[in-house]
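Please arrange chain B on chain A, whose structure you already have, making use of the hints.
Chains as they are written, first to last, in the numbering used here: chain A, 1 to 334; chain B, 1 to 334.
By construction, these hints were calculated from the structure, which means they are not laboratory data.
There's no promise every hint is true.
Copies of the same chain look alike in the list, so a pair counts if it works inside one copy or between any two.
Claimed, not checked - BS3-like, lysine-lysine: derived pairs with alpha carbons at most 27 Å apart: (1) 45 x 70; (2) 242 x 150; (3) 172 x 328; (4) 172 x 272; (5) 297 x 95; (6) 292 x 128; (7) 70 x 95; (8) 70 x 297; (9) 237 x 172; (10) 31 x 297; (11) 242 x 142; (12) 70 x 292; (13) 70 x 328.
Spelled out, the chains give:
There are 2 protein chains.
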Amino acid sequence: MAGSTTPELVAAVSTAGGLGQIGAGYMDGDKTRQAITDVQRLTDKPFAVNLFISEYPEATEDEITSMSRKLNPYREQVGLETFDDVPELSFDTTKHFDEQIDILIDMNVPICSFTFGVPSDATISKLKQAHITLIGTATTVKEAIVLDEKGVDIIIAQGSEAGGHRGTFLGKAHEGLIGTMSLVPQVVDNVSVPVIAAGGIMDSRGIVASLSLGAEGVQLGTAFLTLNESGAKDVHKSAILKATEDETTVTNVFSGKSARGIRNLFINEMSKADIDILPYPLQNQLTNPIRKAAGAKGNVDILHLWCGQSPRLSQRDSTEHFMEKLIKEVNEKM
Amino acid sequence: MAGSTTPELVAAVSTAGGLGQIGAGYMDGDKTRQAITDVQRLTDKPFAVNLFISEYPEATEDEITSMSRKLNPYREQVGLETFDDVPELSFDTTKHFDEQIDILIDMNVPICSFTFGVPSDATISKLKQAHITLIGTATTVKEAIVLDEKGVDIIIAQGSEAGGHRGTFLGKAHEGLIGTMSLVPQVVDNVSVPVIAAGGIMDSRGIVASLSLGAEGVQLGTAFLTLNESGAKDVHKSAILKATEDETTVTNVFSGKSARGIRNLFINEMSKADIDILPYPLQNQLTNPIRKAAGAKGNVDILHLWCGQSPRLSQRDSTEHFMEKLIKEVNEKM
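One chain only, chain A, in its complex shape (with noise of 0.2 Å):
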């Protein structure tokens, strides 16, 4: 949900009786704390703050200069200027994550998610200290255990049903799309803290089903995408709510790492292309002009179009109602 949440959907989903998260990990220190402020003043209820763990690419220049000149008639087709020559890409993703880690402190933040991997041993500490609930996220069992091992407080099991970005941290990325169905009873019975259902959930068919599989809550995220308080783009919206369960892929074309879209003009031409993609966050630097052009155009050739594999049961409303309705329904059938 980076990139899409609004402080009105985050603040209107706890309001309603629900978690709220931030998506914060595209933000730098300023952005976060303006974020926090902007939920706080909307609702006293508890939300989250999400947080990518950070990353140590590898890119020599010369790959760098090589994706960003493959890039170039797509900069065109938005009408950005092509450059041929090195662009400046920031390396160094931990600043932002530990200056986040110090204003969700500052702050009280109740909860903080992470995806991509496991904090350090310190920045755990650090949190615990300040009484902060910490949400990891897992593909696979092999890495619920480790998030178990290293002390989180709650694990969410993310099947490969999701839409946006796989949480996979160890192994390869397609051995990190196990379905929800599989995926949730095989964590809940390897670790020792409660385990939150993600992947297809969309309404309280999928919520019921995913309590059923002895998960303790569920996290939606294509779900909120398409309401009205959402941050995505209108093109995006449209295109989910046209979508069907067939037209999404898992590629890294858009960031660097895996993620789940309605396949497209760029994941196509990107996924046969003879070049290396550029681990994250390089490639998504280097794709995110681009991408922000398209979605002001309203170009969805070249849009990342996140989406789970349930875009059928996706709907227009407003965050209220649809969140009333979600707990009414859950309500009645427990």
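Quick look at chain B alone, frame taken from chain A:
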């Protein structure tokens, strides 16, 4: 389950209150008749026969010979004679199918399920006149709608977690890899007949979850493979029992059709080999003697180790005890 069902397994499932299915996809008329006779001798409860819809493979003599030669090292490994001449394969897969249909009608089999597509209108009408209940297999909503329109009585929604062959018959194989959590509610919303959930379901948690998603029944495969009455080779059973959820993959190297199994040497090498896999059933016919010999020798490097994404939930048990426990647990939870 084709190749791994035994009359004892099918009868035990039906006797316990489930619907046992004879996996007759690879059987000729005589073997089909024998299997039905054996099951009818063991139980008076209803059971089903699962058939493969006919294929019309295209491959040149050169392609077939190349693949056959490529397999020589594996023949050697399992103690079979190698050969370089053109192998004799049967392109005609319709003969057995039509014969099987007549046998089902003749022997009063009450239920017939299909994988890999839709029977012809003539076959459907013939089976319906004989009051046989028809079950089709879908891996996407599109396929489910086609089955519904063609008049099948029940639709199996096969999620991507499922072990063994994918039922995909429209579009590309990768488009039919939808997680059970996503597939079931979207199929339920778009067809007029009852839906059976399949894929990753191994215990009462998966069954109750599937019913919550809107399914009216469930299909278990891998859960039965390791039971005492299963016809799976001992080395196959052992491989499932010690596998983890991240060790399976979807591959066409064994049969020419996509199927989920535990990654092994044969999958790894053939996936990377510079040669096109032949279409089903040609690839299947070529690898079959090799895999049989591998199974007899306990060679798991070359055997097809079909397995879904929940192997950690597999167990050794008698079918009778497994079914009794399952039904008791589901009843307690509902």
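Consistency of the hints with the structure:
1. 45 x 70: neither (47 Å within a copy, 64 Å between copies)
2. 242 x 150: between (41 Å within a copy, 25 Å between copies)
3. 172 x 328: Close neither inside one copy (40 Å) nor across copies (39 Å); limit 27 Å.
4. 172 x 272: both (20 Å within a copy, 17 Å between copies)
5. 297 x 95: For residue 297 and residue 95, the Cα distance exceeds 27 Å both inside one copy (32 Å) and across copies (57 Å).
6. 292 x 128: neither (37 Å within a copy, 56 Å between copies)
7. 70 x 95: Classified as neither: same-chain Cα gap 29 Å, cross-chain 53 Å, threshold 27 Å.
8. 70 x 297: Within one copy only: 21 Å inside a chain, 51 Å across chains, cut-off 27 Å.
9. 237 x 172: Classified as between: cross-chain Cα gap 26 Å, same-chain 30 Å, threshold 27 Å.
10. 31 x 297: within (25 Å within a copy, 63 Å between copies)
11. 242 x 142: between (36 Å within a copy, 14 Å between copies)
12. 70 x 292: Within one copy, since 18 Å is at most 27 Å while 49 Å is not.
13. 70 x 328: neither (50 Å within a copy, 60 Å between copies)
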